[in-house]
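**Student:** Listed below are the residues making up each chain.
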Amino acid sequence: MSHAGTAHLETSTGISNKKLLMWLFLASDCLFFGSFIAAYLLYRDRSIVGPYPEDLFDIPFTSVSAFVLLMSSVSMVLALAAIQKGNVRGLRIWLLTTAVLGTLFVAGQAYEFTEFYHEGLHLDTNLFGTTFYVLTGFHGAHVTIGILILLSLFVYSLRGGIQQKDSENIEIAGLYWHFVDIVWIVIFTLIYLVQP
Amino acid sequence: MSSIAVPRKSPLAEALSNARHAAENRSSIWSWIGTVDHKRIGVLYGISAFIFFVLGGIEALLIRTQLIVPDSEFLNPDQFNRLFTMHGTTMVFLVVMPMSSAFFNLMIPLMIGARDVAFPRLNAFSYWTFLAGAIFLNASFFTGDILNGDLGAPDGGWFGYAPLNLEQYTPGHGMDFWMLGIQILGVASLAGGFNFIVTILNMRAPGMTLFRMPVFVWMTLVTSFLIIFAMPVIAVALFELTFDRLFDANFFNAEAGGNPLLWQHMFWLFGHPEVYILILPAFGIISDIIPTFSRKPLFGYPFVVFSGIAIGFMSWGVWVHHMYTTGLGTIANSAFGISTILIAVPTGVKIFNWMGTLWGGSIRLRAPMMFAIGTVAMFTIGGLSGVTHSMVPSDYQQQDSYYVVAHFHYVLFGGAIFALFGGIYYWFPKFVGRYMNEPLGQVHFWLTLIGFNLTFFPMHVSGLLGMPRRIYTYNSDMGWDLWNLMSSLGAFIIAISVLIFIINFLFSLRRGKEAGADPWDGRTLEWSIPSPPPEYNFREIPTVHARDEFWHQKYKEDETGAVTPVLAGGSGEDEHHEESAHALGIHMPSPSYMPLIVSLGFPFIATGLIYDYALIPVGAALIVIGLYGWAMEPATEEE
Amino acid sequence: MTLADYRKQHGEPLTEEDEHSGGDTHHPSALEYIQIGAILTFVTALEVALYYIDMNYTLLVTMLIVLSLAKFALVVLWFMHLRFDNKLFGILFASGMALTFTVFAVVIAAQHGGLV
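Protein chains in written order, with the working numbering: chain A, 4 to 199; chain B, 1019 to 1657; chain C, 44 to 159.
Worth flagging that the hints you see were computed from the coordinates, not collected in a lab.
Please note that a few of the clues may not be correct.
[To be verified] Facing chain A, according to a computed beta carbon distance under 7 Å, are these residues of chain C, among others: (1) T45; (2) L46; (3) G80; (4) F85; (5) S111; (6) A113; (7) V118; (8) M123; (9) F127; (10) N129; (11) F136.
[Claimed, not checked] Capping the alpha-carbon separation at 25 Å, the derived lysine-lysine pairs in PhoX-like fashion look like this: (12) K88(A) to K51(C); (13) K130(C) to K51(C); (14) K1314(B) to K1574(B); (15) K168(A) to K88(A); (16) K88(A) to K21(A); (17) K130(C) to K168(A).
[Stated by the list, open to error] Reference excerpt, derived from the structure (chain B facing chain C, CB under 8 Å, subset only): (18) G1225; (19) F1229; (20) W1334.
Each residue gets a CB set at the ideal place from its N, CA and C atoms; glycine is no exception.
Let's have the full structure, built from the sequences with the hints guiding it.
**Tutor:** Pasting the structure below:
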């Protein structure tokens, strides 16, 4: 069993199994997103018909949603800081905040998808539609799973299930959440801001 | 999740607890279904892999029967396409990979002095997901009109190239089963990869530094890293294909400006590390067998380890050698030609180290050793044909011919399968407490060697004489008749050898000569515990002071290097009555059904995607419920 | 037991990893986290502002990439605690990233060099 703060675990390396597992998973997930981003970049400006990115992207809107996701990383790390000090109430507040911000982000994505769809961009319309929807769709799915995890942890903590000694579980959930955020940092820059 | 004691009062918790208790009777079927014991999971993997080996072998026999004479009409072209697709897919994903997983499971904890893997339930999940994917993939056979010879299986080749793999050119559900089946199998492999990395890094016995680990453990570590980095790439390629086939996306659609060649890049970016995933565990197995049966330590252990790591790194830089003939141009071809030639170097290093181990050793030619030496010899031949492939102009001639088929069978069958058989003979006594029959083992080996070479060596010739791959028949005036005849006869000899192996295996399970803890005078920790091992593996976790720790417990070397037994050294563990974990105060992880429940979700989703979307929420619900159950149940039953 | 403990018990010399294997020792304060959040906000705003400025394309792309890398680094090193954690995590993550960038590089080379 792991204990917050004192990381003297009985593993050969001294680090926790679960934390190591999460980092391995994230390293692996880099390849997953990297491949989709690569496909997007490869096919950028090769769409034969429109709509094209410059027709559809609403940079101010997407900037706000990127900002929201960044702030959710802040609230996530505050949740961790709280429980590491044994502050369960703080944990709950910040966990819920993170989940809400994440939901706002996903809602923003859903709105964006709907807008683009009405403007004529479907999955099968052109290369832009295909690569954009699949890449950001998988990212959105990752965020959604993260929200479910956060809410589950929130509910569990309401029942007293998370104490200072369990802070590692929050840390691990946080790692996943931050990863999803940094993927968006990359996507926001490479796909939205860097345009041909 | 942390194990907060869940109140037992709720009926659901009560039922789950009862179900878990049912699994605790280790002779019940429930104990197998809910097992999280790495040894049992290893057995499950091994048996499943072998069954698929027979299935894949039957597919091969059908292919070879069709090709035994020119202008044969034993199979029609459509059936032929499906059979070679399934043969390749089966052998790669349903045989070599899971058989390697069987050995990871059976051996890694024992070799590092651990009681189990880092995440026992994740381990069980790997197996059940593998089985789900394997059954799903093979279910495709029945989606055609099988009684009238219309097989529904995929028919795009095991590598499913675009644009042939698109709906437009390959309609029907076969490819859908292929792409979704492999996706499911990928999840299983990923889970296993993560688990073994954490296990190897974190759960070694006190004193076992990385350089005191057996080579098999090292190779498993490298393989697991290759898995966790390569599988996402094929997962993405398969998702892209899924979107193209099921939802009209444009990833590989040339009409929309897409590039079908993207598929090949992604497939081989995965595919080349994949072939090292297939061979490195085999290299690890023989790196333990050869020293044992030479009564010498492995020659150049650091070189064998570093070359394995080097192969892992370099395997990412060679993938275009599968694509020389796709018109990428001289610069790309040359660059990858050079990198491919270079990757032969670390493999060559290993071969020399194995030979160095044999040199001057006190060789015992028992069945495991025969297969291990056979591996070295056959892989060398396959490696040499591989070197000829690395030369671009030479490959222009060889690409898509039977020469390639010869090459990869020499490395995959001659390399991986031989080593896996060697491992079975080697470790069978550990898990069964009996030897496999040695004379039958020798017969198996020689028949396999002869049959294998008779099957695949002529393919070098027919390939260079121009016989293309994947053709269902050929004309008599091509000059290929004799070579095909030889190959087909060889295939049937292989089949007979497999039968002999099966007989040996089944016979030895009950009537094999009894073996103790250390039947081969072994060097590594697994031989220090009883055969079969108790549930908890080690009564006391050993402390490791050196490489080949067990050997050093048994023997001391004097000034001349002569080896003398240590009095009362080695295991005192050869007691006849096994104490239970409970009696020894050892808490083993409890059985669980949650991994199986989660695994079941995937084939539901996959089937739903192909036939009826209503199945998708069913699958998703299974996954979610299973995951919550997994998170909430205590990992170890409170006594 | 950890390898560090084994070495201490057996009088073997400790390695550099063993010296630091006491696990994470430093946690940034809540204030520091909020400060980083402020920096992230600022950098994002900067990125968006640059987007609207008429400038040389290569320069724009370079600056945007640099800025996003800065955000990336802040989140990974501080929020994900890599800066204060065992080196092994960093090595693992860096390996995943390195491979990913290789894929990117090949794709970009392909776009310009006609490989795909």
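**Student:** Give a verdict on every hint.
**Tutor:** Status of each hint after checking the structure:
no., hint, in the structure
1, T45, "4 Å, holds"
2, L46, "5 Å, holds"
3, G80, "4 Å, holds"
4, F85, "11 Å, violated"
5, S111, "4 Å, holds"
6, A113, "10 Å, violated"
7, V118, "5 Å, holds"
8, M123, "5 Å, holds"
9, F127, "11 Å, violated"
10, N129, "5 Å, holds"
11, F136, "5 Å, holds"
12, K88(A) to K51(C), "31 Å, violated"
13, K130(C) to K51(C), "21 Å, holds"
14, K1314(B) to K1574(B), "13 Å, holds"
15, K168(A) to K88(A), "10 Å, holds"
16, K88(A) to K21(A), "21 Å, holds"
17, K130(C) to K168(A), "23 Å, holds"
18, G1225, "5 Å, holds"
19, F1229, "11 Å, violated"
20, W1334, "7 Å, holds"
Going through the hint list in order, the structure does not satisfy hints 4, 6, 9, 12 and 19.
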